[in-house]
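Peer 1: One-letter residues, chain by chain:
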Amino acid sequence: DQQVKQNSPSLSVQEGRISILNCDYTNSMFDYFLWYKKYPAEGPTFLISISSIKDKNEDGRFTVFLNKSAKHLSLHIVPSQPGDSAVYFCAAYTDSNYQLIWGAGTKLIIKP
Amino acid sequence: DAGVIQSPRHEVTEMGQEVTLRCKPISGHDYLFWYRQTMMRGLELLIYFNNNVPIDDSGMPEDRFSAKMPNASFSTLKIQPSEPRDSAVYFCASSLGPGGYTFGSGTRLTVV
Chain A
84 DQQVKQNSPS LSVQEGRISI LNCDYTNSMF DYFLWYKKYP AEGPTFLISI
134 SSIKDKNEDG RFTVFLNKSA KHLSLHIVPS QPGDSAVYFC AAYTDSNYQL
184 IWGAGTKLII KP
Chain B
-13 DAGVIQSPRH EVTEMGQEVT LRCKPISGHD YLFWYRQTMM RGLELLIYFN
37 NNVPIDDSGM PEDRFSAKMP NASFSTLKIQ PSEPRDSAVY FCASSLGPGG
87 YTFGSGTRLT VV
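Protein sequences appear in the order of chains A and B.
Residues in the first sequence are numbered from 84 upward in steps of one, following this note's numbering.
Residues in the second sequence are numbered from -13 upward in steps of one, following this note's numbering.
These are calculated hints, taken from the structure and not from any lab test.
The beta carbon of each residue, even a glycine, is placed where N, CA and C say it ideally should be.
Hints are not guaranteed to be accurate.
[To be verified] Okay, derived cross-link-like pairs now, DMTMM-like style, lysine to aspartate or glutamate, Cα gap no bigger than 25 Å in a straight line:
(1) A:LYS190 / A:ASP107
(2) B:LYS10 / A:ASP107
(3) A:LYS88 / B:GLU(-3)
(4) B:LYS10 / B:GLU(-3)
(5) B:LYS64 / A:ASP138
(6) A:LYS88 / B:GLU30
(7) B:LYS54 / A:GLU125
(8) A:LYS190 / A:ASP178
(9) A:LYS137 / A:GLU125
(10) A:LYS154 / B:GLU(-3)
[To be verified] One side of the interface only, derived from the structure: several residues of chain A facing chain B at Cβ under 10 Å:
(11) GLU125
(12) GLY126
(13) PRO127
(14) PHE129
(15) SER135
(16) GLY143
(17) PHE145
(18) GLN164
(19) SER168
(20) ALA174
(21) ILE184
(22) ALA187
(23) ILE192
(24) PRO195
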């Protein structure tokens, strides 16, 4: 049972444009959602998070939107830069269980 | 702080041999997680500790896998005997609480 799903294995975006990465979930009890970025041969690094009581969180070029009714969240990167090329993981957890539930990841490729 | 430190970075071993992966979490972090990443399954949580105590080991694939955390600054993941299907990248992560994990750079294990 995949509680967190990233249905796009890869995404290609032109440099300077907006990148939109999507994530769907099935467990309405999740309290927090996070996005991690992973470069080859490195561990994932934390990017941005959002609490389930919010619908938007912004940090520089990165904005995460949460639509609880649709059980959907998205990560917007504006403008996209070559260094943003990486695999992006969506993850979620509940306050009662510290185990992160991970999506399968989306490989973002920024074209010059 | 040097971050989460894993050793070795790469390990190549013969089937049937014992393999020990090591992790030094960030000082002060009271949660430690062991993950495995494969192409087929993505990121899988194997086991996590809180204050050196194993909390959930349901992700450990079988009895050949064992993990210990003898103190707050050190953890090991042991595979005995190793098999080719254990080949993967193994990540250690630590955190102060839920969500904001810091990952190590991983150990790439190849069992031939």
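Peer 1: Each hint should be assessed against the structure and marked as holding or not.
Peer 2: Okay, the hints, checked on the actual structure:
no., hint, result
1, A:LYS190 / A:ASP107, "16 Å, holds"
2, B:LYS10 / A:ASP107, "34 Å, violated"
3, A:LYS88 / B:GLU(-3), "31 Å, violated"
4, B:LYS10 / B:GLU(-3), "17 Å, holds"
5, B:LYS64 / A:ASP138, "42 Å, violated"
6, A:LYS88 / B:GLU30, "14 Å, holds"
7, B:LYS54 / A:GLU125, "24 Å, holds"
8, A:LYS190 / A:ASP178, "29 Å, violated"
9, A:LYS137 / A:GLU125, "31 Å, violated"
10, A:LYS154 / B:GLU(-3), "41 Å, violated"
11, GLU125, "6 Å, holds"
12, GLY126, "3 Å, holds"
13, PRO127, "5 Å, holds"
14, PHE129, "6 Å, holds"
15, SER135, "12 Å, violated"
16, GLY143, "17 Å, violated"
17, PHE145, "15 Å, violated"
18, GLN164, "22 Å, violated"
19, SER168, "19 Å, violated"
20, ALA174, "8 Å, holds"
21, ILE184, "9 Å, holds"
22, ALA187, "5 Å, holds"
23, ILE192, "18 Å, violated"
24, PRO195, "27 Å, violated"
Consistency with the previously given hints fails for numbers 2, 3, 5, 8, 9, 10, 15, 16, 17, 18, 19, 23 and 24, ordered from lowest to highest.
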